[in-house]
Structure formats: structure tokens, C-alpha cells
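Undergrad: Sequence:
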Amino acid sequence: MNIHELEKRTGVTKQNIRFYEKKELLHPSRNSGNNYREYTEEDVQMLQIIKILRKLDISIEDIRTVLDGQVPLERVMKKQLETMQEKQKELDAGIRICQSLLHTELEELDPDQVLQKMDELERKGGRFMEIINDYKKVARAEHQKEFSFMPDTMVQNKREFTEALLQYAEENNLNLVITKESMYPVFEIDGVEYTAWREFRKTRFPAAVIHCTMTHPEEADAKTRDVPKGRKMWMRFFNRYMAVIFVTLFLLLTERPLWLAAVVAVGTGPIIYWTCRGR
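Its first residue numbered 66, the sequence shown is counted upward by one per residue in the working numbering.
Since the hints were made in silico from the structure, they are not lab data.
Just so you know, not all the hints are guaranteed correct.
[As the list claims (entries may be wrong)] Taking lysine-lysine pairs in the DSS-like style, the calculated list, with each CA pair at most 30 Å apart, reads:
{"no.": "1", "residue 1": "Lys88", "residue 2": "Lys288"}
{"no.": "2", "residue 1": "Lys201", "residue 2": "Lys294"}
{"no.": "3", "residue 1": "Lys245", "residue 2": "Lys267"}
It should be emphasised that the depicted structure is a prediction, and the values quoted were computed from it without experimental measurement.
Use the sequences and the hints to build the structure in full.
TA: Right under this line is the structure:
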């Protein structure tokens, strides 16, 4: 079977199939006549096993050691179970604190008592890194879905576009492969497909900006499926408007004129409104 049939059979995208091949998790044979990859039922079964292990958040390296027979599956599962149980402890600790503060007014809050309780839970193994780790996941996923950069040239043709992408990849140590050269090129980073387009900024010194978006952004969202929906929403908001939030807080906390804070709010309000409205 070809890669399209394999994608249909397993539900794994072509991009991820190629990525697993690059990581030497899959070893399809090639047709001697046309040099196309040919997949067998054994490849289907192997890809389904990889899919299961990835859903359990097993690393690519650990999956390789299991498939190669270097490490038994039981050992990897035991290690992952311990990791998940540790995360569960962290989550349980956070739930207990939230429950204790559920009906507490700000004026009634005793910071010393709450911090003491947090320290106690921390000593017992429950750490308050859950939110930090969740934010890192969301921030990475948002950046993976779309990113922009300013090339050194004005990118007037597809050759310059290709050179700009390759230069960006080299500067950022990315494994970037261009699959379609044009003024709307298609490329892959570690098996994830992107489409790019160029924009001109009409300023005093005109400059080109290249915007890159994932072809399938749902793949990035899947990496944050364990983050609660409400938390994910405000983390996305914070990540997108971090600079605006900090500037506004700075103006308010340093008792600067209220009109400055109002200018920031009025200038960014419509943007925030339309962004949230579209989500």
C-alpha cells in the first residue's frame, strides 16, 4: 500500500509518517520499479503501536529502544506510570488548595497560612509546577502553529523566498525541508507541514515579513489536550498579549497618569475583542 492508504488505515498523517521514518521507527521497503515506498500490514501494526505510545506521551527515543528490543516495554511503562503518578500528585495538591480557597474573600485570605500549606504539600511531593508546565506547553504549541520573521532581503521571487527560509532554519538550528518552491512555499519542520507567505510593512524603511502557519494546527493543539480548557484559554490570551498586559500593569502600579493606561486599553481593546470573539 502507498502512504495515502497507510494514512487512511491508521489515522496518522503523512507528515508524521515521514517523521517516524526519519527517526527510524518505520522501515518501509521501496518498489524497485519506481522507487516509491511500499507499506505492509506489519508497517500498519507498527505504526499503530507507535500511535499508542505517543498518546501515552512516550518519547521518540524511548519508543525506538522498545521497537529495537533494547528495552522491554514493561520497563518503559513503569517509568511512564511513575511520571504520570507524580503529575497526578501535583494536580491533587493544587485541587486541595483551590478547594480550601473556594469560598474565601480576598480580605479574609491569610497568605502566611496558605503559603505554609503549600510548603507542606510541596514537602510531601506535591509541587506547584503544574500551571508553569501547562503554560510552557501552550506557549510552545501556539508558537508552533504560527510564527513570523524578517528576512535580510525583500523576497521578490521564489528563489529569494527559498533562501530566506533556509537561512532562518540555519540560524535557528531547524530541520527544514522545502517541498514546494513558490511565493507561497510549502515546507516541513521535523515532519510538520507549513505554508508561508510574504507581507510588506509600509514604514519609513519598508521591510518584508514572512509569516508561516501550520497546515494542520490541530496537531499542535493535540499536545495540550491535557491542559484544562479554561486554563488553556487564558494562557493563550496571556501569551498573545503579554507585552500589553505588562505595560498596562506597570502604568497602573507605578501610578502613572490614567490617560496613559486608557490609551493602551483603547488601542488594544478592539484587537482583543475580535480575537476573543473569533475563538
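Undergrad: Confirm or reject each hint.
TA: Hints and how they fare:
With a C-alpha separation of about 19 Å, the suggested pair Lys88 and Lys288 falls inside the 30 Å cut-off, and the hint holds. For the given pair, Lys201 sits about 15 Å from Lys294 by alpha-carbon distance, which is consistent with the 30 Å threshold. Proposed proximity of Lys245 and Lys267 is supported: the alpha carbons are some 28 Å apart, at most 30 Å.
Of the numbered hints stated above, none is contradicted by the structure.
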